[in-house]
Amino acid sequence: MLRFIVRRVLQAVPTLFGLSILLFIWVRSLPGGPAYALLPENATAEQREALRRAMGLDDPVIVQYGAFLGRLAQGDLGESLQTGRPVMTEFAMKFPATVELAVMAMVIAVAVGVPLGYLAARRRGGALDALVVGGSLVGICTPVFFLAFVLKLVFAEHLGIFPSAFRQTPGIDATRITGLFVVDGIATREWDAAWDALMHLVLPGLALSSIPLAVIVRMTRAGVIEVLGEDYVRTAEAKGLHRRTVRGRHVLRNAMLPVVTAIGLLSGALLAGAVLTESVFAFGGIGQFIYSATQTRDYPVLLGFILIIAAVYVAINLLVDISYSLLDPRVRVR
Amino acid sequence: MPARPLLAVHDLAVTFTQRRRRDVRAVDGISFSLGEGSVVGLVGESGCGKSVTSLALMGLLPPRGVQVSGRALFRPGGGDAEVDLLSLPTRRMRDLRGRELAMVFQDPLSSLNPVVPIGRQVTEILVRHRGLKGAAARSAAAELLERVGIPDPRRRLSEYPHELSGGMRQRALIAMAVACRPRLMIADEPTTALDVTIQAQILELLKELVTEEGTALLMITHDLGVVAGLCDEINVLYAGRVVEGAPRHDLFRAPTHPYTSGLLRSIPRLDAPRDEPLTPIRGTVNDAIEWADGCAFAPRCDNYAEDCLGGPPDMREERTGHRFRCVHPVHGRAPGVPEPTATQGGDR
Amino acid sequence: MAARTQRIDRLAELTAARREEAEGRGVWREAFARMSRNPMAITGAAVVAVFIVVAVLGDLIAPYGPTEQNWGDEVFPNRNVFVGPRAENWLGLDNLGRDQFSRMVIGARQTLMVGVVAAGLGFTAGALLGGVSGAAYALGGAAGRRVDTVLMRVVDMMLALPSLLLAVSIAALLGQGLVTVMVAVGTAQVPIFARLLRGAMIAQGGRDYVLAARALGARRRRIALAHILPNSMGPILVQLTLSLATAIIDAAALSYLGLGNPDPSVPEWGTMLADAQRFLSGAPQLAVYPALAIIVTALGFTLMGEALRESLDPRLRK
Numbered sequence: 002m003l004r005f006i007v008r009r010v011l012q013a014v015p016t017l018f019g020l021s022i023l024l025f026i027w028v029r030s031l032p033g034g035p036a037y038a039l040l041p042e043n044a045t046a047e048q049r050e051a052l053r054r055a056m057g058l059d060d061p062v063i064v065q066y067g068a069f070l071g072r073l074a075q076g077d078l079g080e081s082l083q084t085g086r087p088v089m090t091e092f093a094m095k096f097p098a099t100v101e102l103a104v105m106a107m108v109i110a111v112a113v114g115v116p117l118g119y120l121a122a123r124r125r126g127g128a129l130d131a132l133v134v135g136g137s138l139v140g141i142c143t144p145v146f147f148l149a150f151v152l153k154l155v156f157a158e159h160l161g162i163f164p165s166a167f168r169q170t171p172g173i174d175a176t177r178i179t180g181l182f183v184v185d186g187i188a189t190r191e192w193d194a195a196w197d198a199l200m201h202l203v204l205p206g207l208a209l210s211s212i213p214l215a216v217i218v219r220m221t222r223a224g225v226i227e228v229l230g231e232d233y234v235r236t237a238e239a240k241g242l243h244r245r246t247v248r249g250r251h252v253l254r255n256a257m258l259p260v261v262t263a264i265g266l267l268s269g270a271l272l273a274g275a276v277l278t279e280s281v282f283a284f285g286g287i288g289q290f291i292y293s294a295t296q297t298r299d300y301p302v303l304l305g306f307i308l309i310i311a312a313v314y315v316a317i318n319l320l321v322d323i324s325y326s327l328l329d330p331r332v333r334v335r
Numbered sequence: 043m044p045a046r047p048l049l050a051v052h053d054l055a056v057t058f059t060q061r062r063r064r065d066v067r068a069v070d071g072i073s074f075s076l077g078e079g080s081v082v083g084l085v086g087e088s089g090c091g092k093s094v095t096s097l098a099l100m101g102l103l104p105p106r107g108v109q110v111s112g113r114a115l116f117r118p119g120g121g122d123a124e125v126d127l128l129s130l131p132t133r134r135m136r137d138l139r140g141r142e143l144a145m146v147f148q149d150p151l152s153s154l155n156p157v158v159p160i161g162r163q164v165t166e167i168l169v170r171h172r173g174l175k176g177a178a179a180r181s182a183a184a185e186l187l188e189r190v191g192i193p194d195p196r197r198r199l200s201e202y203p204h205e206l207s208g209g210m211r212q213r214a215l216i217a218m219a220v221a222c223r224p225r226l227m228i229a230d231e232p233t234t235a236l237d238v239t240i241q242a243q244i245l246e247l248l249k250e251l252v253t254e255e256g257t258a259l260l261m262i263t264h265d266l267g268v269v270a271g272l273c274d275e276i277n278v279l280y281a282g283r284v285v286e287g288a289p290r291h292d293l294f295r296a297p298t299h300p301y302t303s304g305l306l307r308s309i310p311r312l313d314a315p316r317d318e319p320l321t322p323i324r325g326t327v328n329d330a331i332e333w334a335d336g337c338a339f340a341p342r343c344d345n346y347a348e349d350c351l352g353g354p355p356d357m358r359e360e361r362t363g364h365r366f367r368c369v370h371p372v373h374g375r376a377p378g379v380p381e382p383t384a385t386q387g388g389d390r
Numbered sequence: 425m426a427a428r429t430q431r432i433d434r435l436a437e438l439t440a441a442r443r444e445e446a447e448g449r450g451v452w453r454e455a456f457a458r459m460s461r462n463p464m465a466i467t468g469a470a471v472v473a474v475f476i477v478v479a480v481l482g483d484l485i486a487p488y489g490p491t492e493q494n495w496g497d498e499v500f501p502n503r504n505v506f507v508g509p510r511a512e513n514w515l516g517l518d519n520l521g522r523d524q525f526s527r528m529v530i531g532a533r534q535t536l537m538v539g540v541v542a543a544g545l546g547f548t549a550g551a552l553l554g555g556v557s558g559a560a561y562a563l564g565g566a567a568g569r570r571v572d573t574v575l576m577r578v579v580d581m582m583l584a585l586p587s588l589l590l591a592v593s594i595a596a597l598l599g600q601g602l603v604t605v606m607v608a609v610g611t612a613q614v615p616i617f618a619r620l621l622r623g624a625m626i627a628q629g630g631r632d633y634v635l636a637a638r639a640l641g642a643r644r645r646r647i648a649l650a651h652i653l654p655n656s657m658g659p660i661l662v663q664l665t666l667s668l669a670t671a672i673i674d675a676a677a678l679s680y681l682g683l684g685n686p687d688p689s690v691p692e693w694g695t696m697l698a699d700a701q702r703f704l705s706g707a708p709q710l711a712v713y714p715a716l717a718i719i720v721t722a723l724g725f726t727l728m729g730e731a732l733r734e735s736l737d738p739r740l741r742k
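The listed protein sequences derive, respectively, from chains A, B and C.
When you line the first sequence up against the numbering used here, it's residues 2 to 335, in that order.
When you line the second sequence up against the numbering used here, it's residues 43 to 390, in that order.
When you line the third sequence up against the numbering used here, it's residues 425 to 742, in that order.
For the record, the hints were derived by calculation from the structure and aren't laboratory data.
Treat the hints loosely; a few may be bogus.
[To be verified] Here are a few chain A residues that face chain C, going by a calculated C-beta distance under 10 Å:
(1) Pro15
(2) Leu20
(3) Pro144
(4) Phe150
(5) Leu154
(6) His159
(7) Ser268
(8) Gly269
(9) Ala270
(10) Leu271
(11) Gly274
(12) Val276
(13) Leu277
(14) Leu304
(15) Ile310
[What the hints assert, rightly or not] One-sided and incomplete, this derived list gives chain C residues near chain A with beta-carbon spacing under 7 Å:
(16) Gly682
(17) Ala722
(18) Thr726
[Said to hold, decoys possible] Beta-carbon label-pair distances, calculated as ranges:
(19) Gly67(A) - Pro156(B): 42 to 52 Å
(20) Ala627(C) - Pro116(A): 30 to 40 Å
(21) Asp737(C) - Thr57(B): 20 to 30 Å
(22) Thr59(B) - Leu661(C): 25 to 35 Å
(23) Asp737(C) - Pro116(A): 18 to 28 Å
(24) Val125(B) - Asp232(A): 24 to 34 Å
(25) Val720(C) - Thr234(B): 49 to 59 Å
(26) Leu17(A) - Gly599(C): 23 to 33 Å
(27) Asp737(C) - Gln75(A): 45 to 55 Å
(28) Pro509(C) - Met200(A): 35 to 45 Å
(29) Gly127(A) - Val574(C): 47 to 57 Å
(30) Gly127(A) - Gly599(C): 45 to 55 Å
Where is the CB? At the ideal position from N, CA and C, for every residue including glycine.
If we strip away everything but chain A, and leave its shape as in the complex, we get:
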């Protein structure tokens, strides 16, 4: 088991290393080169020349890449052109918001998607099945940012049930510990603050959950349909086990295996979807910051955030692979 984990970690290293090369090339190929890209558009020629020298752009490429890696190792990804703060600091400040939102979306997707997919599979060909399959297709085909806008318009602006923006009502007096507002509220027993933060999560969470929900529903349905036809389910029935046992231990457990893998891949869709959702709800996470970075051509932020997100994404998939191997003994052997 330990060997399996170590091997998977080692496999991830070259991927990330290669990615750092790609991104390095990427910054160097930006229109006008990094010296242009890293300065505001109204910078003077002298400023650019100064920056070129400061960045060592006249050194050989290998030396430059070495220096880039050296800074990377120290966690130095440069400074944001928008705020002037180090990219790493910005990320650390904004990441908890996105984590909280992504977790909310994933919780909605799994909590709704798995039972719905299961029921659709049991009543295959029925009205519920048609509704679930049709609904999930529409969900996949709806642009996330449009859905976010519609939810905001209807439930926040017209009906006023949920707040329309931010992570917490401005001016609320809450203690911050982890940066995950709901968790902080519960930890400090500031129930009002926790509830308030949770309410702020509902609409962006729903918008962000649309694609994972659609995917999980479909995968659960397909998985259950496939497993129901397996010989071992028939064996379980032949043993006269209670319906509960057959469904839980033999059907659902096997049907969930592909869904677990999908959750890993979907975390990527969540990080990308956060860019769209957060900007609609002014949520203040990394997604919104990437959005504003694309608007203002804040390349250090784009480069740094994308690199960190790739690392996070690889790490999540690593965790998923490991938990998959706990669920399915067959993978451990190889």
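Place chains B and C on chain A using the hints.
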């Protein structure tokens, strides 16, 4: 054989219905019976309806798209009370399955849940039907595995199906089947997916278990060699109907239906002269015609005559307990067909 | 004797009905036949057909030019009140007094182009990458496996980025524009095609018929092109159909992020939808039309893709 059989199947028919497709009648009125502690074989080529018959008896056919008719009277616990397996409510069927009725399937690998340890798959039936718990269930499971000849059973309990060999997997499945000492065990091609040497071991094990526990066994197979060494009575199926049924010695000595006689002649024999060719039955199962039009075997039959197409032939009985469904039966001892010596195990 | 012939004819007749059902047809022909009976496929194909007709014949259908601000004076004085559907403008006016229906019709062409070019780019590059990789793995021995490992590392790197972020970084590199959107969205699809084709080819490479062809001494290139490749196309053709939908949706997202088409004379649904967000509370119809158009079109492609997947799935064949 007691006056009343343990299981009596009357006119079992199974039809698969699908929207926008022609109905498929997989089993077309099968009748046979099985006495307490006896071993009965259902023999036929693939597609003759033998597996569907076993699933129908276990109540394991899918709930939709299937029509089952007929009766299958079973005496739970060997008592006087009779229940009809085909019309029993699901709840009561669940109570019978695993405890009174057990089944061993063809492919041991796909019939075991890949992500649940073997031990758990054995104990779950003990928990369900014998009310055992925790350590008691585990040691009972280990005993069962030992009983079916799995070495080092304690260690095997925590292993997964893919870590066992094919023969061991089938032994584990048999352990689950005999866990509650059922009255009736159905074995559907239990040796087909196994190596020949393992096949013999598994058949030997089945024979040993049914003899010692007094369990009745319904053996479903395409292999006459398997039934030869094991069964008291044999029913030969063709295109969803029993075409011949007889005690073992009767059937092998005097096959009456051309199909049975053809099956026997197509078995390679060691004592036959080397230049004597095998005589396979012409054509394939797909050449069958509807029973309503006449004998389904007619297109492949050597004794075929015009009156074979006059509707379904009736079941006739010549001598006691020797039934056949044919207008032009093969009479007397089939040429060159002595009873095959059992290829697996000795006589029962 | 006559009776005997008659009997044989009767038998042949009775067996023929059974035979017909058992006989198989070609995989693709069979898949197509099954699709033409599948309501999902028919609906999808109908939507896509309408979309393509509108995209091709847009100029003939649109009553006005997409940039003509014919009714500018009706809109400018009171910016928050927009003219809704009426006899001369079926879908009303946009925020600049242009005919919304004409813009939607003309916009179909750009949207189709973005989808087709992006999906085609992803398909071609991905199939090339995956095809070389898969063929090398399946037939190339130890050296082939090394080639495969190197190529798949590159694909893994692309997969290490969520596809929309990959598209965003490419778009940032190329600058704003329609070409950017197509290249970015297309590139983001490359690793998916590569992985799918490689997986299918490796699976086919292990099949008995490939071993048989090798045993008969067929050349590797011929085995790869004539045997393995045609039998491995199913999954990526399904993906191609689904990609057309994804491309249209992702292109809309890039437009929303301000990386899309800046040229107002060439309307495109994604850009229209992104622009209309500003007026969503005052004039939701401006956003709803392009949004619905995108959803329905994407749905059309997705339905076709799903139906194709189902019809090629051997487990679902009866």
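Going down the list of hints, with the structure as the test:
| no. | hint | result |
| --- | --- | --- |
| 1 | Pro15 | holds, 6 Å |
| 2 | Leu20 | holds, 5 Å |
| 3 | Pro144 | holds, 5 Å |
| 4 | Phe150 | holds, 5 Å |
| 5 | Leu154 | holds, 6 Å |
| 6 | His159 | holds, 9 Å |
| 7 | Ser268 | holds, 8 Å |
| 8 | Gly269 | holds, 4 Å |
| 9 | Ala270 | holds, 6 Å |
| 10 | Leu271 | holds, 8 Å |
| 11 | Gly274 | holds, 8 Å |
| 12 | Val276 | holds, 7 Å |
| 13 | Leu277 | holds, 6 Å |
| 14 | Leu304 | holds, 8 Å |
| 15 | Ile310 | holds, 6 Å |
| 16 | Gly682 | holds, 6 Å |
| 17 | Ala722 | holds, 4 Å |
| 18 | Thr726 | holds, 6 Å |
| 19 | Gly67(A) - Pro156(B): 42 to 52 Å | holds, 49 Å |
| 20 | Ala627(C) - Pro116(A): 30 to 40 Å | holds, 33 Å |
| 21 | Asp737(C) - Thr57(B): 20 to 30 Å | holds, 26 Å |
| 22 | Thr59(B) - Leu661(C): 25 to 35 Å | holds, 34 Å |
| 23 | Asp737(C) - Pro116(A): 18 to 28 Å | holds, 25 Å |
| 24 | Val125(B) - Asp232(A): 24 to 34 Å | holds, 27 Å |
| 25 | Val720(C) - Thr234(B): 49 to 59 Å | holds, 52 Å |
| 26 | Leu17(A) - Gly599(C): 23 to 33 Å | holds, 28 Å |
| 27 | Asp737(C) - Gln75(A): 45 to 55 Å | holds, 52 Å |
| 28 | Pro509(C) - Met200(A): 35 to 45 Å | holds, 37 Å |
| 29 | Gly127(A) - Val574(C): 47 to 57 Å | holds, 49 Å |
| 30 | Gly127(A) - Gly599(C): 45 to 55 Å | holds, 51 Å |
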